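In the order they appear, the protein sequences are chains A and B.
For what it's worth, my numbering labels the leading residue of the first sequence as 1, then goes sequentially.
For what it's worth, my numbering labels the leading residue of the second sequence as 1, then goes sequentially.
Don't read these hints as lab results, they were simulated from the structure.
Check the hints yourself; a few may be wrong.
As the list claims (entries may be wrong) - Footprint (simulated), chain B over chain A, 3 or more residues, beta carbon under 8 Å:
| no. | stretch |
| --- | --- |
| 1 | 47-61 |
| 2 | 81-89 |
To be verified - No more than 25 Å apart at the CA atoms, straight line, and that leaves these computed lysine to any residue pairs for SDA-like:
| no. | chain 1 | residue 1 | chain 2 | residue 2 |
| --- | --- | --- | --- | --- |
| 3 | B | K204 | A | G46 |
| 4 | A | K80 | B | Y337 |
| 5 | B | K254 | B | L373 |
| 6 | A | K88 | B | T354 |
| 7 | A | K83 | B | Y326 |
Note that the coordinates shown come from a computational prediction; the quantities given were computed from them, not determined experimentally.
Backbone N, C-alpha and C define an ideal beta-carbon position, used for all residues, glycine too.
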Amino acid sequence: MRLLLTFIFLFILTFPAFAEDFVIVANREGPLKTAEVGMVKDIYLGEIRFVNNVKLKPINLTEGEVKNDFLLTVVGVSAKEYKLHWIKKVFQEGLTLPRFLRSVDEVLAHVRSEKGALAYIPMSEVSKIKKDGQVVILQR
Amino acid sequence: MKKIRIVLIILLVFGFYLSSSIPAFSESLGDLSEKLIALEERIKELEGKEHSMPVGADHMAELKNQFGDNLGAFADINFRTDSREYGESTFTIGAIGLYTSGSYKDRLNFIFEMVIVAHNSKTSVSLERVWTGYTFNDALIVRAGRFHIALGHWNKTYHHGKLLYYTIERPFFLKFEETKGVIPVHIVGLELTGSAKVGAAKLKYWLEVGNGPGIKADRHSGSVFHKLTPTNMFDTNDSKQVAGRLCLDFKGVKLGIFGTKFYVDFFDDTLPAASPFSPPIVVDHQQFIYGADLYFKEKKLEVISEYFRFDNKDEDGEAYYTQLAYLAGKLTPFLRYERLRSHTVTQDKDMYLTLLSGGANRLQYIGGFKYDLDYLRSGLKVQYRFDKMDINGEPDYKKVLELQWAFHF
């Protein structure tokens, strides 16, 4: 029994501390069918703004683990670098800042209603979109 | 025994009461949960309605102007020891850049940037950028107005936002026309720009056509200085300035090539004008400027380097700088080397580099650091600048310590 407990303890210690996972979602009728990382990165940096003549509207969650995780793993920048990038982008090209929303419900409501919307939500909240035909999870 | 009987009677009465009240209780619970479900559905429905309202569906919202929606100001306060630009050690208010930008629906946008410049006895206001654009798609954006010209990385990146860069000033040869820069920084006309994917890289382009700059004589305390002047209202010759830049972005390494051709007219204020709208022109002169730029960021190291070549029938010259910065959190140490060289063949005939008061052979070594009080709003900069300039064939040295508090609100 003691040996088993020791094994379990060691197993927990060696388990990696994953950041909260997320999925990328979009409007079903929108132009995006897959979430190719390079493309999602460019959309969130304002480098790709149109696909198939549809204006893309990237949506961010406000501060939090999921946002930081998404920015680091997909966009390749920290939250600080992302803000700096957009201050420059607006000043250089007169672009509009991406939308920042507080809750997953708000994010999903926007994705549901805007054809070019693209967002990320925590894996733990995926059940909220299962019944909804207007929001699809994009495969990475 | 008596006690047991009393307890049994109490339990019997309580049990009878419970058996009669539980159905009513469970009925009321059922009502409540149904009401809760109905309320939740109503909330969801209302939230859906609020968010499903497409942009522009509210017709009154269409009438709201965008000017001022995104209004910002960049400014800076400086102190520097004895320098070529400002003389004795002094405090200086830097240019105050006010800007606003806006977008309408998906394709229209605009930007407006003006600068307030403080002098000792007056304050002047100058228009820096004003353009409107229409985006057909990512590969084609058409803009019209006054732009910062697409010559190199710096001029299209930082504009008048000193907080956005680490050093206290732009490279000296890239300074704005009013402050003795030797490259036409502004152009009034049309700009086509866009980007496209080329394999694993991205290609960006800018193509501009507009009024070429003039050279204006400025008199201060009996001395005559010459400086470039953008032609906002009318060009003094038929030949338009053309400029372009191609930039290949491969995994964050940006490599650009650029060039411009224009005819520059020399305005001499001392001669009588033919009319109020046509100042006397001494000569018109064809000028080429072209070069390459490099930008990359590897972990914490940022490198920017640009090379400019000046060519005309009389003269050629070159200007370049390389800047290194180490992005260590709030503190960013930096180094920059910048140089302008004029290879004059027939100096007396030259109407560009040797005529412009900022066009003498000059080099600077700059080292310092920027400290972010708040990376979005406020930064302190300290730098040491070694400045060597040829004046009448003799080298003249300045060693300048400079401090700046730059901010953006």
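Okay, the hints, checked on the actual structure:
no. : hint              : verdict
1   : 47-61             : holds (count 6)
2   : 81-89             : holds (count 4)
3   : K204(B) / G46(A)  : holds (13 Å)
4   : K80(A) / Y337(B)  : violated (29 Å)
5   : K254(B) / L373(B) : violated (29 Å)
6   : K88(A) / T354(B)  : violated (35 Å)
7   : K83(A) / Y326(B)  : holds (19 Å)
In this structure, the earlier hints numbered 4, 5, 6 are contradicted, and the remaining ones agree with it.
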